[in-house]
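Novice: Chains as they are written, first to last, in this note's numbering: chain Y, 1 to 422; chain D, 1 to 661.
It is possible that part of the hints are untrue.
What the hints assert, rightly or not - From the structure, some residues in chain D lie toward chain Y, with a derived Cβ separation under 8 Å:
hint : residue
1    : Asn29
2    : Ala459
3    : Gly533
4    : Arg558
5    : Phe584
6    : Glu613
7    : Arg614
8    : Ala618
9    : Leu624
10   : Ala629
Unchecked claim - The list that follows gives simulated cross-link-like pairs (lysine-lysine, DSBU-like), each with its CA atoms no further than 35 Å apart:
hint : chain 1 : residue 1 : chain 2 : residue 2
11   : D       : Lys55     : D       : Lys186
12   : D       : Lys141    : Y       : Lys39
13   : D       : Lys422    : D       : Lys141
14   : D       : Lys256    : D       : Lys422
15   : D       : Lys422    : D       : Lys358
16   : Y       : Lys306    : D       : Lys537
17   : D       : Lys557    : D       : Lys141
18   : D       : Lys162    : D       : Lys427
19   : Y       : Lys133    : D       : Lys537
20   : Y       : Lys133    : D       : Lys557
21   : Y       : Lys133    : Y       : Lys306
22   : D       : Lys531    : Y       : Lys133
23   : D       : Lys531    : D       : Lys358
24   : D       : Lys256    : D       : Lys268
25   : D       : Lys162    : D       : Lys141
Bear in mind the hints are in silico, worked out from the structure with no lab data behind them. Even glycine gets a Cβ: it sits at the ideal position worked out from N, Cα and C.
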Amino acid sequence: MSNALNRLSTANMYDSALRNMTSRQTSLANLQENLTSGKRVVRASDDPVAAAQAERSMTRITRIQTEQRALDLQRNAVAQAESTLGDAVGVMQQMRELVVSAGNGAFNASDRASVASQLQGLRTQLQDVANRKDTNGVPLLSALGSAATPFLNALGEFDGLAGQMAGSSVSIPNALDGDAAFMFQPQRDGVFNASVSAAVPATHSLGSSAVTATDPAQIALTPGGNAYDYQISVSYIAGGAPGTLAAQYSVTSTPPGAPLNGANPFVSADYVPGRPASIAMTAIPGLGLNFTGSPQLGDTVTLALKPSSSIFDTVDTAIRDIGSGSASAATQAVGQALANMDRGLERLHSVRSYAGELLNRADRIGGSQDTRSVQLEADRSRAEDLDMIQGISDFQNQQVGYEAALKSYAMVQKLSLFNFIS
Amino acid sequence: MSLLNVGSRALLANQVALQTAGNNIANVNTQGYSRQSVVLQTVPGQFTGGGYIGKGVDVATILRNQSELLTRQASAAASVDASDSARVERLRQLQDVFSGGASGLGAAINDMMNAFSDVVNSPTDLTARNIVLTRIDETAKRMVGASDRLDEIAATVTEQLKGDIKAINLLAQNIAGVNDQIARAKGNGQPANDLLDQRDQLIRNLNQHIQTTQVAADDGTVSVFVAGSQPLVLGNQAASLSIDDPQDFGAASGQKRLYFQQPGSSTKAELGESTLGGGSVAGLLRFQNSDLQEGYQLLNRMATAISLNLNQQNQLGLTLDGSMGQALLSDVVPVQPQPAITNTSAGSLALSISDPNKLPASSYVVVFTGGTTGTITAQPNGQAQAFANMADLQTFFSDRGLQLTPGGPFNANDQFFVNPLKNAAGKMQALQFSPGQLAAANPVNAAMGASNAGSLQLASLKASGEPAPLTLPPAAGVVLSFTGGTPATFTLTGNTGAPFDASTTPPTPLAGPPYTFTSGQAISIDGWEIKLGGTPKTGDSVTVGNATDPQYGDWYKRNTGNADAMMALRDTPMFDGATLSDGFAGAMAQIGTRTQSAQFAAELSSSFAANLERDRTAVSGVNLDEEAARLIQYQQAYQASAKMVQIAQSVFDTLIQTMGR
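Please work from the sequences and hints to get the whole structure.
Specialist: What follows is the structure in structure tokens.
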């Protein structure tokens, strides 16, 4: 028996050459698949960790695309809301000019009535602007959720849930707080309208200045959460110093029971007659106003203070008082309306600047999402894609190896002892 | 005279040698042929006064060149190779079901979840809602499709196993027949080379299907044993194998086992999988019992977690007509644990799903060693974990999101097979198709106090059902009243239960009242969860109300908080800590790793088998050059012997001529 260490079976030789050729051909075909698909990892089993990484990167990329699409919608909504507030400011400016013109002493009742009707038209326009909706029919100023037309419900209130949605790191809110833009709150803004209900005599232009909120937090609220209506009845008496006058006034509230800075009746500081009066009233906590006009001893005037619940309410009051016919009521109303409308404009501006900040934030978010997206794509490519140069060079190597295997097979099989035995 | 004898003997011997060489050349490519070489021996010499005179050459025997050791080693290695490549082939098919990329199942799931974004940003757009429901339907169909493909693979494996078993049984009978022939031929004194080759080839073929060990008996037969000790062929008797469900748990376990049946007996013995060794039957059984089961488990867990989470969230929200939502996908009813046939008690275990985010991707076998003690083993390859009382057993399963209710006393050796999510993917079905049925609105709404002076903003509000079921606020709402400071605090009115910090798992109750307020913290009250940002001042308030209360009219129709909550499910850990969006990548990697390591194993065993085969054929294979050389050698010897005969004849002629007259 020959020594098997140096022996090789012919059939086995062919089998093993065939095996090698087939396996080379298979790896050549696999490399070709890699080259044509451009991927190093075609199936998960090629490199499971890289395949999972590529899959996760792809998931995150599609998520960022979704978030960007949502951000575009949100940005549109906020931009529309911001321009709506701009329009509202424009209408308010127009109303302001009209109110100033109504203070012209040369106007008679019918002039004032026509001013009042113009104001009414602008007021309707303002309400329409405030109720503007986006392309989907959702109000732009719906805050945390509102009726289809949030301004105003039957009680003159904002028909929705006040408040502002916060954005997140990948989104901005898509509605602004309409309540903060248009509505007044007693303990935050302290907007009151003072009207003259009776002035005796009418020729002394007895009235008041605009009501200021000296300390809105001090303004008393009824148990129902609203501010009190106040009535102040003033009568001018002799002052402490000879030749001066003082205003003696008592304050009542509706509903009764509002706290006051002291007890009725109050007496003001002395006033020297002959100059236009500006007598401070200090009885109501948190509010301040001055009695104006040219009072004489014995004059009386009754003022009614009503809280204003919104810009619309302020404008409605102005329209009513300017159009009411009495010149002194109109003069009083102009003063009140101008001051209160300015407070309203402050609120509009503050919400509008918040909208501008949101748009800036949207730009920043968009930028950072783009960067992330690029980074994730790079991760995915690094995990999954074929380095073309490496791939082509591997392919060439395999090709050369395969050719060598084929050639050597062809040559070896020609060699046989039988060829030399004749 | 004797020269003639020597010559004719030599001629005959060389003729036989030539024929043997010729036989080798003819059979160079015959499978399983061992090369034969002629063994010549000299005829004992005749004693004469001048010494022992040789009497020529004789053919002693035709030797079959083969090494028993190498033959067995080569067979065994080829058997392991067959087992590994059968498994790899099937794993490649399994891997295709879990393929990734933009057209994979993972991308479909993510597209479905991302579609909620359009609903969130366009509350009144019915098209966006339609798209979500369509995507849910598609995902369900794709899950069913994936599950069907797994079923197809299982059916293919079963068919292939049937074919292999038929082949095994046939081969066994053939081996038994050859054994019989060899035993009869043994009495003739010379080894029956061709029959031996045939038997070896049959055994080699049998090893491709299932690994065997061989034991030679004195009468020349070889007994073939499978699974270590079961005699498939004993002498001239062949037993048979078959594939069937396991005896303990039956078809419910999804596994298959190999059974051995003695000839003439009707009882079948179950063969344990670890005893099988190699062979394509062993590889396929391994694939069927562990790899395919893992595929099923991963798919079923994904389907269950997605279905239950989407359903739960939709049922917490409001549809467009103001009613609470319904289930979006068909409910997953867990399959109850299967008692083994050998159980002696009537005890049973009942299971329900308590937390769909903790579900395991494996099945379990619970074995009782006493009334309340035993072990739990994860299938297929887990370690046994002991439990000392029923509470431990229940804790084990509740840690995996399953609530176990034991029923009845248990005896020692009772076994239960726990596979609650079986076929969940195959039954997944979308139930809602009308866009109004997508419950995108929150059942609660929040309003900031209109006179708030601080900077509170609403970051998110959603119904979570955790830790308590959802209780809707009363008409006046649940009011959070804040007090500024460092830290800011708040108190509650109108709530039914205490508030919890929802960012921990499980949620921890907040200390108070008054409760500390942290900006951005998720506060869970009465089954809904609110997140506020910013800094409150004293007197600020937030009111959470019931969205369907008449005071709010139809405001909920423009609210999409619940759709937002469904989008947040993307980041909920559901699959052993991986989130919903990453769950498929994990499953893909798991199957890919199995396939890759099976591929490496198959390459290794293939080259091992090739090397051993080369070693075997180095002894028993035919080398044409060698045979050619031998032909020349014996031809020369034949010519020389013929010359010898001619010389003997001429010697005889000379003798006759000289002696004749």
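Novice: Can you verify the interface hint for arginine 614 of chain D: is its Cβ closer than 8 Å to any Cβ in chain Y?
Specialist: This hint holds: arginine 614 of chain D lies near chain Y, its Cβ roughly 5 Å from the closest one there, short of 8 Å.
Novice: When the nearest CB of chain Y is found for alanine 618 of chain D, is that gap smaller than 8 Å?
Specialist: Hint holds; alanine 618 of chain D Cβ to chain Y Cβ min 4 Å, cut 8 Å.
Novice: For the pair supplied as a hint, lysine 531 of chain D and lysine 133 of chain Y, is the alpha-carbon distance within the 35 Å limit?
Specialist: Between lysine 531 of chain D and lysine 133 of chain Y the Cα gap is close to 27 Å, so the pair holds against 35 Å.
Novice: Between lysine 162 of chain D and lysine 427 of chain D, does the CA-CA distance stay at or below 35 Å?
Specialist: Answer holds: lysine 162 of chain D to lysine 427 of chain D is near 28 Å, not above 35 Å.
Novice: Does the CB of alanine 629 of chain D sit less than 8 Å away from some CB of chain Y?
Specialist: holds (6 Å)
Novice: Holds or violated: the hint that alanine 459 of chain D contacts chain Y, with Cβ atoms closer than 8 Å.
Specialist: holds (4 Å)
Novice: Is the straight-line distance between the alpha-carbon of lysine 306 of chain Y and that of lysine 537 of chain D 35 Å or less?
Specialist: Holds, at about 27 Å.
Novice: Does lysine 55 of chain D pair with lysine 186 of chain D here, judged by a C-alpha cut-off of 35 Å?
Specialist: holds (29 Å)
Novice: Holds or violated: are the alpha carbons of lysine 256 of chain D and lysine 268 of chain D at most 35 Å from each other?
Specialist: holds (14 Å)
Novice: Does the interface hint hold: is asparagine 29 of chain D within less than 8 Å of chain Y, judged Cβ to Cβ?
Specialist: holds (5 Å)
Novice: Please verify whether lysine 162 of chain D and lysine 141 of chain D have alpha carbons no more than 35 Å apart.
Specialist: Holds, at about 31 Å.
Novice: Grab the minimum C-beta distance from arginine 558 of chain D to chain Y and call the hint holds if it beats 8 Å, violated otherwise.
Specialist: holds (5 Å)
The structure agrees with every numbered hint stated previously.
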